[in-house]
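Chains B and C: place on chain A using the hints.
Protein chains in written order, with this note's numbering: chain A, 1 to 237; chain B, 238 to 524; chain C, 525 to 1105.
Note that these hints are calculated values from the structure, not bench results. Every residue, glycine too, gets a C-beta built ideally from N, C-alpha and C. Check each hint, because a few of them may be wrong.
[Said to hold, decoys possible] Calculated pairs, DSSO-like style, for lysine-lysine (alpha carbon to alpha carbon, straight line, at most 27 Å):
# : chain 1 : residue 1 : chain 2 : residue 2
1 : C       : Lys878    : C       : Lys1047
2 : A       : Lys107    : A       : Lys129
3 : A       : Lys127    : A       : Lys107
4 : A       : Lys127    : C       : Lys1079
5 : B       : Lys426    : A       : Lys107
6 : C       : Lys831    : C       : Lys527
7 : A       : Lys129    : C       : Lys878
8 : C       : Lys630    : C       : Lys831
[What the hints assert, rightly or not] Listed below are several chain A residues computed to face chain B (Cβ distance under 10 Å; list not exhaustive):
#  : residue
9  : Tyr10
10 : Ala48
11 : Thr66
12 : Ser70
13 : Pro82
14 : Gln90
15 : Glu95
16 : Asn96
17 : Glu98
18 : Ser104
19 : Ala108
20 : Ala148
21 : Met150
22 : Ala151
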Amino acid sequence: MLEVRNISVYYGAAPALWDVSLEVGPGELVCVVGPNGAGKTTLINAIAGLNRVRSGAIVFDGRDLTRMPSHLFCGAGVAIVPEGRRLFDQMSVLENLELGSFISAAKAHRRESLALVLSLFPALEAKLKNPAGSLSGGQQQMVAIGRALMARPGLLLLDEPSLGLAPLIVSDMFRAIRSINQRGTSVLLVEQNVSMALGLAQRAYVMEEGRIVMQGHASEMLERPEIQKAYLGIEAP
Amino acid sequence: MSWPSLNLLGQAILSGIFIGGLYGLIGLGLGLTWGLLRQINLAHFGFVFLAAYLSYQMATEWGIDPLATLLVLPPLFFLAGAGMQWLLARFEITPFNSLLVTFGITVVIESIIQGIWTADFRRLETHYNDQKFTIGNFYLPVPELLTLLLSVAIAVLIWAAMRYTDLGKALRAMAQDGPIAAAFGINEKGMSLMLAGVCAALAAVAGICLALTFTLAPSQIFAWVGVVFAAVMLGGLGSALGPLVAGVIIGVSEAVTMAVTAPSWAPIVSFSLLIAMLLLRPDKVGR
Amino acid sequence: MNKTVAAILATGALMASVPWLGLPAFYESLLYLGCHWMVLALSWNILSGYSGYFSFGHGAFFGIGMYTSAGLSGNLNWPFLWTLPAAAALAALLGIGLGTVVFRVKSVRGELFALLTLAITFVVGTIVLNTRIDGGPGIYLNAVAVPALGPTAPASLYLMALAAAVLSLLLAYRIQYSKLGIGLFAIHDDEDVAEVMGVPTFAYKLIAFGVSCALAGLAGGIHALFVAYVTAGETFNITVPLTVVLMSVLGGTRHWAGPAVGAVVITGLLYYFTAGNNPVAGRAAVGVILVVVILFMPNGILGYLGKARRKRSAPARPAAVATAAPAPSAPIAQVALRSSEVLLEVRGLSKAFKGVQALDRVNLQVHRGEILGLLGPNGSGKSTFINVVSGHYEASGGQVIFEGHQLTGLAAHRVAHAGIARTYQIPRPFAHLTVRQNVVLAAMFGGARVSQRVAEHEAAQWLEFTGLAGKGDALPDDLNLHQRKFLELARALASRPRLVLLDEVLSGLTPGEINEAIDLIRKIRDRGATIVFVEHVMRAVMALADRVAVLNHGKLIASGPANEVMSNSEVVTAYLGAAHA
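This is chain A alone, in the form it adopts within the complex (with noise of 0.2 Å):
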């Protein structure tokens, strides 16, 4: 369904991304993982359209996308939940949910994608007129989520979800996002909580300082010593 091929991202003369390549199929929840500094959010923000790549292709259900405008990414079927979230703090949590469904295609089922939201994350119907900016970290992580299955989407980007929040939230905001999954929306999620992206996803790529250095399935990579080094700078005895 997606398919980046040997992409290379700069911020000016430097190399953020090197030559990455991944995939992920119809339905897949594939993580990506690796040290800060790694590019991750870089490679997630090309995808959503919000850095330019230099070279390479993004193909995303046949169509390339890679010299497409930013805000055309969206009617394509790919919406993002940024690192940080990145409300718009100043308006209501139904407005941001509502900007969520902007384009044609998602406003016609507006309704409908609203219930959903709303089945999923029940916590956020009583704080549908609050500014988004006044809720807790794992409420507007809940309507950031929200905000982009409202676009109906059939790649739903997640960067980070689980920053700054505690692990109880961060528990049942995977669990969303694996019922996000299970409902038939591909999911490409990256992640500095490693074992619980592991543990949620099929496949999973491991990114170090731009590159993608080691790819398989999910459940039998936490046991490799190579992410522990890593991550921990601890070599294998």
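Below, chains B and C alone, put in the same frame as chain A:
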């Protein structure tokens, strides 16, 4: 200082409300582009006066009712505003440089106006001028009343649009976080053009009202800059109702000051308010 | 005497001979206007162009000067020349008074400062109009005797304006190349970083404002006699501020002579057009020129020429950076390596932002001569720690004690003077200063606080140390990320700090560049500095750190030797997540 009669005071307050309405109407377009597009568009004043003069021309030379010009001029100015925005967007200008560039454009517009209509004072004489309503001891002149009604109606309309329509919400989102708004399908370029066009159309409406209520002279363009900026900054950048409310407050304070002391003390009101606002609550003024 | 100063004085002397050439009085008036605008534009630029605080209030101080001279000579019968220093002094005093209030409010910068100063103009004008200073009718100066400096009255006025113009040129030139000027240009590019590097930003802005207002007052004083009839309406309006901005931007705000060029060009253009048949077309043309210049030459005429000259003379350089040269002989500080003496101590340090507790009662000691790694997952508070210790942010609670002195609550430039330096994770060089000037500034304003000449020498040393010797004249934009990170290092070291705080210096570098950086950091410690560095590249942490401290959610959860800490189960959980341990 001498306290005027209650009657005089009341009439002063009334005239303050009326001129406040005009401040708000002029400031509306200015505040929207400043708050939502981060551009300080001094050319807005040029547009207002150009529309005023055009309305004067059409009414005086061609006998068209000034209210009819409300149907003709705003659409034309919409195109002009969008066109100017399109040109300026091709250069990446800082907000401050946008101030300077639009100042230059205003100087050009002022010169064009002076070239065509000379520096002489021009007064749009219509049958509206002498009409007024009377409530008790107070006079409500029709042109001023019309201006106030238009100002309130338009401000409320824009407020409602920004609040309740998808387009309005998209504009607000775009102003808060352009890239993420784009990620959800909001086309920043297109929106900016549309907004600039609407604000220019608003300038045209303000200009027509100006022509109905004031004597025109090219030298007057820059006289409005200070007080309208004060209304916009006090009312809040990007707000639809703010400049109107602030404009009325400024207008009334000015009028009362004028009635109680001397007319020449009036400017101190708006500018002192502005200075106080900037020093005490700068976070409310900036975005 | 400096060549430029001599040139200015010579030109002034030459121009002073004009009145004796027997030209019609018209030309003297024209020359007067040219000089008059030169003074106004040059003085405006000293604050606004150099520091970036664009003021729209120049008219207020010009007006104060005008009314001071008019009032003193017209109403109180002072001899005219004595009114000029009074005009300058009063304008300067009011400017400094205003600045003392306004410059303290952090968020009043850019457009807000411009509008506030515009409002001041109208307020002052209204006060002048309505009080006994003017009262309405204006002030007549027909009875005031024009000092007989030249053969005729217009000539004398011209000579006074010429003297003021020469004075302004000299001041603008001297300031640009002085410590004050360098500080102002740094403020222009990044005021917060300038403050952290040791520039006393508040004081400098005040001085520049004072000089600027004084000159404006002087111009106003002279102009009072020129127009001979002073009214509030003609004085306190938007014309002076806007014209002055136009002239400076046209000529180039980053060059001391730019406003003078702009003043001459605009005065000439206005004369050319108004002397012709169509003054209105003339004004329109000036408007068009302004638009075109701002759009295509945002740095003004002199800025454009300067850039063209730099492009022609600089040959294309290869992107590769020379490996760091062997360390210069002088050490940073005479200290024993790795002692147990406590250099920096934080006690109960807390920092909260709108509802987020970024630092939560952190207690930490840094020993002299050690390299301490500060670690933790994203969002754990590491950068906040550096920001608070360096004075970039104010702490919400707790204390910072450095070499036994309390640093808590001090302005950032004082923290720099105490001997602490930092780098930024995303490099924040002063974009309009060259690589060398960036380092020179740090040497001049930081803890070492040396003179400009010594600073140039220091800068050369540190540029070599970090391998940037060949790039001294380049602008930061021309460097790649690796070089910009090393520029951050050179800047931090140039102030000869005892404590260096490094914020993710290695992120974004290639493996080879990382190795180079590790070597460099070791060398820095060997020369006597103590280092605290925030890092994610684990092999660097393992290679460099004597001790490691780990933050999570703003709290310190472990500290000690690297290997021990990284095997601590709480640390492992923080990094990898709950399921693993």
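Status of each hint after checking the structure:
About 40 Å separates the Cα atoms of Lys878/C and Lys1047/C, which puts this hinted pair outside 27 Å; it is violated. For the hint pairing Lys107/A with Lys129/A, the CA-to-CA distance comes to about 20 Å; that is within 27 Å, so the pair holds. In summary, the hint linking Lys127/A to Lys107/A is supported, as the alpha carbons are separated by about 22 Å, within the 27 Å threshold. Distance restraint check for Lys127/A and Lys1079/C: the Cα-Cα separation of roughly 31 Å exceeds the 27 Å cut-off, and the hinted pair is therefore not satisfied.
Distance check on the hinted pair: Lys426/B and Lys107/A sit about 21 Å apart at the alpha-carbon level, within 27 Å; holds. Annotation: proposed proximity of Lys831/C to Lys527/C holds, straight-line Cα distance about 23 Å (limit 27 Å). Of the supplied pair hints, the one linking Lys129/A and Lys878/C holds, its CA atoms being roughly 21 Å apart against a limit of 27 Å. Our distance criterion of 27 Å between C-alpha atoms is broken by Lys630/C and Lys831/C, whose separation comes to about 33 Å.
Because the closest C-beta pair between Tyr10/A and chain B is about 17 Å apart, greater than 10 Å, the hint is violated. Interface hint status for Ala48/A: upheld, as the beta-carbon distance to the closest one in chain B is roughly 6 Å, under 10 Å. A least Cβ separation of about 16 Å between Thr66/A and chain B goes past the 10 Å threshold, and the interface hint is therefore violated. Here the hint on Ser70/A is kept, as its CB sits about 4 Å from the closest CB of chain B, short of 10 Å.
The criterion of a C-beta within 10 Å of any C-beta in chain B is met by Pro82/A, whose closest approach is roughly 6 Å, and the hint holds. Checking Gln90/A against chain B by beta carbon gives a least distance of about 6 Å; that is within 10 Å, so the hint holds. Here the hint on Glu95/A is kept, as its CB sits about 5 Å from the closest CB of chain B, short of 10 Å. With its C-beta approaching chain B no nearer than about 8 Å, Asn96/A sits inside the 10 Å limit, and its interface hint holds.
For the restraint placing Glu98/A at the interface with chain B, the shortest Cβ-Cβ distance is roughly 6 Å, inside the 10 Å limit, so the hint holds. Annotation: interface hint on Ser104/A holds; nearest CB of chain B at approximately 9 Å, less than 10 Å. At about 12 Å, the closest approach between the beta carbon of Ala108/A and any beta carbon in chain B exceeds 10 Å, and the interface hint on this residue is violated. At about 8 Å, the closest approach between the beta carbon of Ala148/A and any beta carbon in chain B falls short of 10 Å, and the interface hint on this residue holds.
Annotation: Met150/A was flagged as interfacial toward chain B, and the flag holds, the nearest CB pair being 9 Å apart, inside 10 Å. For Ala151/A, the shortest C-beta to C-beta distance to chain B is roughly 6 Å, which falls under 10 Å, so the interface hint holds.
Checked against the numbered hints above, the structure violates hints 1, 4, 8, 9, 11, 19; every other hint is satisfied.
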